[in-house]
Structure formats: C-alpha cells, structure tokens
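*Asks:* Starting from the given sequences, assemble the full structure and let the hints guide the process.
Number of protein chains: 4
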Amino acid sequence: MTIQVAVCGPGECTAREEADAREVGRLLAERGAVVVCGGYGGVMAAVAAGARAAGGTVVGVLSRADRWQANPDLSIVIPTGIGEARNAVIVNSGDAVIVVGGSWGTLSELALTMRGGRAPVVQLGGWRVLDRDGTPLPGVRHAASPRQAVELTGLWP
Amino acid sequence: MTIQVAVCGPGECTAREEADAREVGRLLAERGAVVVCGGYGGVMAAVAAGARAAGGTVVGVLSRADRWQANPDLSIVIPTGIGEARNAVIVNSGDAVIVVGGSWGTLSELALTMRGGRAPVVQLGGWRVLDRDGTPLPGVRHAASPRQAVELTGLWP
Amino acid sequence: MTIQVAVCGPGECTAREEADAREVGRLLAERGAVVVCGGYGGVMAAVAAGARAAGGTVVGVLSRADRWQANPDLSIVIPTGIGEARNAVIVNSGDAVIVVGGSWGTLSELALTMRGGRAPVVQLGGWRVLDRDGTPLPGVRHAASPRQAVELTGLWP
Amino acid sequence: MTIQVAVCGPGECTAREEADAREVGRLLAERGAVVVCGGYGGVMAAVAAGARAAGGTVVGVLSRADRWQANPDLSIVIPTGIGEARNAVIVNSGDAVIVVGGSWGTLSELALTMRGGRAPVVQLGGWRVLDRDGTPLPGVRHAASPRQAVELTGLWP
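Chains as they are written, first to last, in the numbering used here: chain A, 1 to 157; chain B, 158 to 314; chain C, 315 to 471; chain D, 472 to 628.
Don't read these hints as lab results, they were simulated from the structure.
The structure presented is a predicted model; accordingly, all values stated were derived computationally and were not measured.
Even glycine gets a Cβ: it sits at the ideal position worked out from N, Cα and C.
Among the hints, erroneous ones may be present.
As the list claims (entries may be wrong) - Have a look at the derived ranges for each label pair, beta carbon to beta carbon: (1) A:ARG16 to C:PRO386: 45 to 51 Å; (2) D:ALA490 to A:SER145: 44 to 50 Å; (3) B:GLY212 to A:GLN69: 30 to 36 Å; (4) D:PRO543 to A:SER145: 50 to 56 Å; (5) B:ARG304 to C:ARG446: 17 to 23 Å; (6) B:THR171 to D:ALA490: 56 to 62 Å; (7) B:GLY212 to A:SER145: 34 to 40 Å; (8) D:PRO607 to C:PRO386: 39 to 45 Å; (9) D:ALA490 to A:GLU151: 41 to 47 Å.
*Replies:* If you want it as structure tokens, here you go:
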C-alpha cells in the first residue's frame with residue numbers, strides 16, 4: 001500500500017512556512033507518498049501545490065460538507081462535514097505526520113497524533129509544548145529543514 | 158477536479174451483488190472517476206477490486222482509526238476513527254452515490270445522501286423505502302444493471 | 315444509571331406527529347428516563363416540550379457547533395459540530411430508540427441504530443423499509459400509540 | 472438555559488490534579504453549572520465525583536460507542552462512538568472550558584477550544600504552549616487554585 005503522510009499547518013502562514021510546506025510537498029511526492037492535508041489555504045495549499053507540481057497525489061480532508069474554498073491542487077477531496085473533528089481524521093490517515101508552523105488548529109493535530117501514539121510526528125518550526133516543569137515534552141521530532149522533516153519521519157530509511 | 162463517486166453496499170453480500178459492484182467499479186474507473194467506498198469487505202471490496210483492475214483510484218473511508226481489515230485494493234486509506242459516523246463522510250465525498258444491495262448500514266448511507274440533497278442517488282437492487290401510505294419515496298433513481306447505474310448518475314451526459 | 319431514550323423524528327412534521335412526540339416525551343419523563351433528541355424543531359421540539367412539561371431532562375445533540383436554532387426546552391445542549399454525523403451519536407446515546415414520523419434524516423437514525431444492534435428500535439408512524447423481495451425488514455417494533463411505543467422499548471417490564 | 476462548563480484533563484493524573492478536579496467539580500455544581508467531561512478516569516472521574524457529591528449534573532461524552540469503563544458518577548452518558556474526535560464535541564459543549572493537568576489528549580482539547588474561539592479557556596496546572604520565539608501564547612487564562620479557575624471563566628461576575 002502506498003505510504004501516506006499527513007502534513008498539518010495553519011491556514012494563514014508566513015512566507016517562510018509557505019515555502020517550507022511547498023518543499024515538503026515536493027519531497028514527499030518525489031518519494032511516491034500520498035500527501036493528506038486539511039485542504040484549505042496557507043500551509044495546506046502550499047503543501048498541495050508542491051506535491052502536485054511534482055506529480056504527486058494530494059488528499060484534502062475538509063471540515064465542511066462541501067468543496068467551498070477547497071484549494072485547487074487537491075487530487076481527491078473528502079468533505080467530511082464534521083467540522084474541526086476532522087483534524088482527528090487527517091492525522092489518523094498519516095503513516096507519519098509533519099507539522100509546519102503553528103496555530104491552535106495545528107496544535108490540536110499534533111496533540112491528537114501524539115495521543116494516538118500510532119505515527120511519528122515531525123515538527124518544522126511552529127510552537128513548542130512544555131510540561132509543568134518547563135521541560136519540552138519528549139516524542140516530537142524537530143527538523144531544521146523540509147528535507148530533514150521528511151527524513152525524520154523514518155519512512156525512507 | 159476529478160469526478161468522485163461513492164459506492165455503498167453491505168459488507169456481506171450475495172454473489173450477484175458482488176458481481177454488480179465489481180462491474181460498477183470497472184465502469185467508473187474506465188470513465189476516470191475516483192471511487193470512494195467504506196473500505197472493508199463485500200460490496201466495498203468488490204467495487205474496489207473492479208476499479209483497481211481497470212486502473213482506477215479507490216479511496217477507502219474506514220470506520221476504524223487503523224487499517225485493520227481494510228481491503229487490499231484501496232489506493233488511499235482514510236482511517237477516520239469515527240465509527241459508523243463515517244458513513245456521512247463517504248456520501249459527502251461523492252458527486253453521486255451508487256448503492257448496490259441492502260443492509261442497515263447501506264440504508265443509512267442512502268438516507269444520509271438524500272438528507273443532504275447534494276448528490277444524485279442511484280440504487281441497484283437492495284431495499285425499498287415506502288412512506289406511511291405505502292408509496293415509494295421519490296428521489297432515488299433505480300437501475301437494472303451496473304451500466305444503467307453509472308448512466309443514471311447523470312455525471313456523463 | 316438513569317435510563318436514556320433517544321427519540322428521533324423529522325424537523326418538519328404533521329400535527330399528529332407533533333402530538334405523538336409530545337406524548338412520548340411526557341411518558342418517558344414520567345418514567346424517569348432522560349430523553350435524547352436532535353435538539354431542533356418538529357418532532358425534536360415536541361418531544362422536548364412534552365418531557366420538560368412533565369419535569370423531565372432533555373438532551374439536545376445538535377449538528378451545529380453552536381446553539382443556533384436549538385429548541386428552548388433542552389436541559390442540556392451538546393453542540394457537536396459534526397453535522398449529520400451526529401445522528402450516530404444520538405442513537406448511541408439511547409438504551410432504546412423511538413422513531414416518530416419519517417424523513418431521510420430520521421431514516422438514517424433508524425438504520426444506524428439497527429446497524430449497531432445495541433438498542434431496541436420502536437417506530438410510531440413513519441416510513442417502511444422492505445427488502446428486495448418486498449418483505450418488511452424484521453427487527454423494528456411497530457407501535458400504534460405513544461403509550462405502546464414506550465412499552466415496546468421493553469425498558470419498563 | 473443552564474450554564475455548561477467543560478472540564479478536561481488526563482485519564483491518568485497526580486493526586487494533586489485529582490484533588491483539584493474534584494474541587495472544581497464541587498464549585499461548579501454549587502453554582503448550578505452542568506459539568507461536561509470525557510467520562511472516563513483520572514481528572515474526568517474526579518470532576519464528576521466532585522460535582523455529583525455536591526448534587527450537580529455531569530455529562531460524560533465518551534469516545535466509545537458503548538458505556539464500557541465510563542465512570543460511575545455520570546448523570547448522563549453520550550457514547551459518541553467517534554473516538555478522539557469527541558474531544559471537539561466536549562469543548563463545543565462548554566460555555567467555558569477548564570483544563571486541569573496535562574496530557575496530549577488534554578492539549579488537543581485546549582487547542583480545539585482556542586481554535587473555535589467561542590469559549591474562554593482556563594488552565595489549572597498542566598502544560599505550557601510557547602510560540603516559535605519562546606513567548607507564551609496569549610488567550611489562555613492561568614489559575615492558581617480551583618476557586619480561581621472557576622472565577623476566571625467569567626461566567627459568574
């Protein structure tokens with residue numbers, strides 16, 4: 001079965017995050033992975049554009065029940081109609097999850113993946129989570145570049 | 158954007174329903190449509206096999222959060238983890254919905270599509286719904302063959 | 315733990331269905347059961363009003379993420395935000411499910427309950443489901459009055 | 472309509488978190504608020520026990536489709552069957568959300584509430600979220616005691 005990687009990030013992002021997401025999409029597509037994302041703007045649109053430009057397949061798992069405002073680079077659209085609960089569906093769909101940049105919705109996706117414990121999580125930029133003693137929580141892998149983010153998934157050893 | 162057709166049917170089905178579902182899958186794949194289904198056995202496995210054999214793309218929208226018992230012919234797997242509520246996701250993902258055979262889960266999918274009012278519903282075999290006066294409910298299109306089922310979606314005029 | 319009964323029915327209903335739903339709500343409240351419903355108009359509003367007037371507790375499991383258009387007789391509001399997928403949540407919440415009247419949304423709830431196989435389903439009026447040979451599907455209990463609907467749940471032997 | 476407060480926290484918690492959650496439950500029940508929680512162990516069980524002992528009403532919004540391992544102090548049980556996606560339902564059900572202690576599931580609830588932007592979020596202990604520059608994210612209200620947590624909701628001015 002084809003490898004699937006969920007890529008999460010804010011709908012409004014910086015130019016740097018957009019460039020990073022586009023590069024992540026390209027690298028995943030080159031490795032033959034299907035990209036799963038939230039299907040709207042910002043990081044979601046950038047990773048989709050990057051993967052599509054490299055000939056890849058991109059699935060958009062939308063919060064809405066219709067295709068309104070879905071980005072144009074999706075190969076397949078899943079309009080769940082379940083609102084933000086669809087964040088759980090996105091992360092369940094990834095053999096690994098790559099997080100680019102930070103937002104509350106993005107953080108919920110990172111947290112749901114760690115809660116599930118099924119897939120490795122790689123973070124590129126974005127927010128940091130500390131426990132009550134101020135110690136960074138273990139488990140999330142931190143990357144310094146799109147290339148390292150893809151490598152740290154461990155899916156292409 | 159690629160046309161997507163949701164195909165619904167029981168996880169345990171008759172040989173006739175299995176053959177019909179396989180043929181529906183083949184015909185959809187030949188027309189370039191992506192098939193969306195529930196991803197497990199019976200009609201779901203048959204439509205996936207038919208589409209895959211014809212070079213098509215098949216998305217399995219699973220009830221479970223993992224890939225346990227997903228059928229082997231899925232191109233893309235969405236392990237929603239939302240249980241039977243995923244039936245709403247399947248039907249939202251179709252530009253049309255084709256129902257092959259009958260079961261309570263299948264009927265819930267037919268009913269949710271009609272409730273949404275967004276996509277045409279075509280039924281091949283399966284159960285019948287009557288209103289309180291014994292009159293068949295209007296709106297569902299009834300097909301006598303896989304080919305007619307695909308035609309009645311109205312997606313390829 | 316308190317007995318919970320899910321009561322399902324169309325958002326737009328006849329005067330007869332409204333009266334029936336109100337009476338079902340009253341009878342359930344008198345027996346100390348919590349009523350779970352979809353929280354909007356029609357049968358949902360009537361069963362809530364009937365239960366509330368008899369001093370009962372009513373939970374509205376809404377499709378929307380906010381309380382917009384929720385009926386005023388709900389004791390507790392669960393704005394799920396998961397759209398029509400919330401129908402699965404309503405029926406999972408009942409030790410029995412009573413269906414008053416018919417609509418596509420209502421039928422999806424009846425079908426999801428039968429699919430789950432956990433709770434008895436009683437139907438008062440509404441639509442009929444036949445298998446491909448025209449035989450009524452077994453399993454659903456048919457009541458002729460609100461009182462019989464409550465009795466047929468089997469929860470108060 | 473009755474005020475509803477969602478209380479979130481880990482299923483496995485420290486003695487301090489358990490005592491805090493119990494006290495939060497008691498204080499909310501004394502103010503007449505309905506407590507909504509995840510319905511299982513740890514903080515969820517403690518807040519339910521505290522509220523119940525003070526005569527309050529507690530709703531457990533479960534991930535599972537049945538009542539398995541639900542805690543015994545729930546007044547009302549909503550077995551959603553939608554897995555961890557139910558975290559979105561819990562937080563949508565609160566006029567305010569109080570977070571006691573930290574875990575990945577708990578963090579997903581905090582993040583989903585902040586994403587929704589509808590309800591104030593108060594945190595008692597637990598994890599900290601910093602942006603990429605190491606600055607604590609604004610918006611979450613931090614309490615030093617159960618009493619302050621309830622006050623900071625702003626629901627009882």
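*Asks:* For a quick check of understanding: which of the numbered hints are violated here, in increasing order?
*Replies:* The structure breaks none of the hints.
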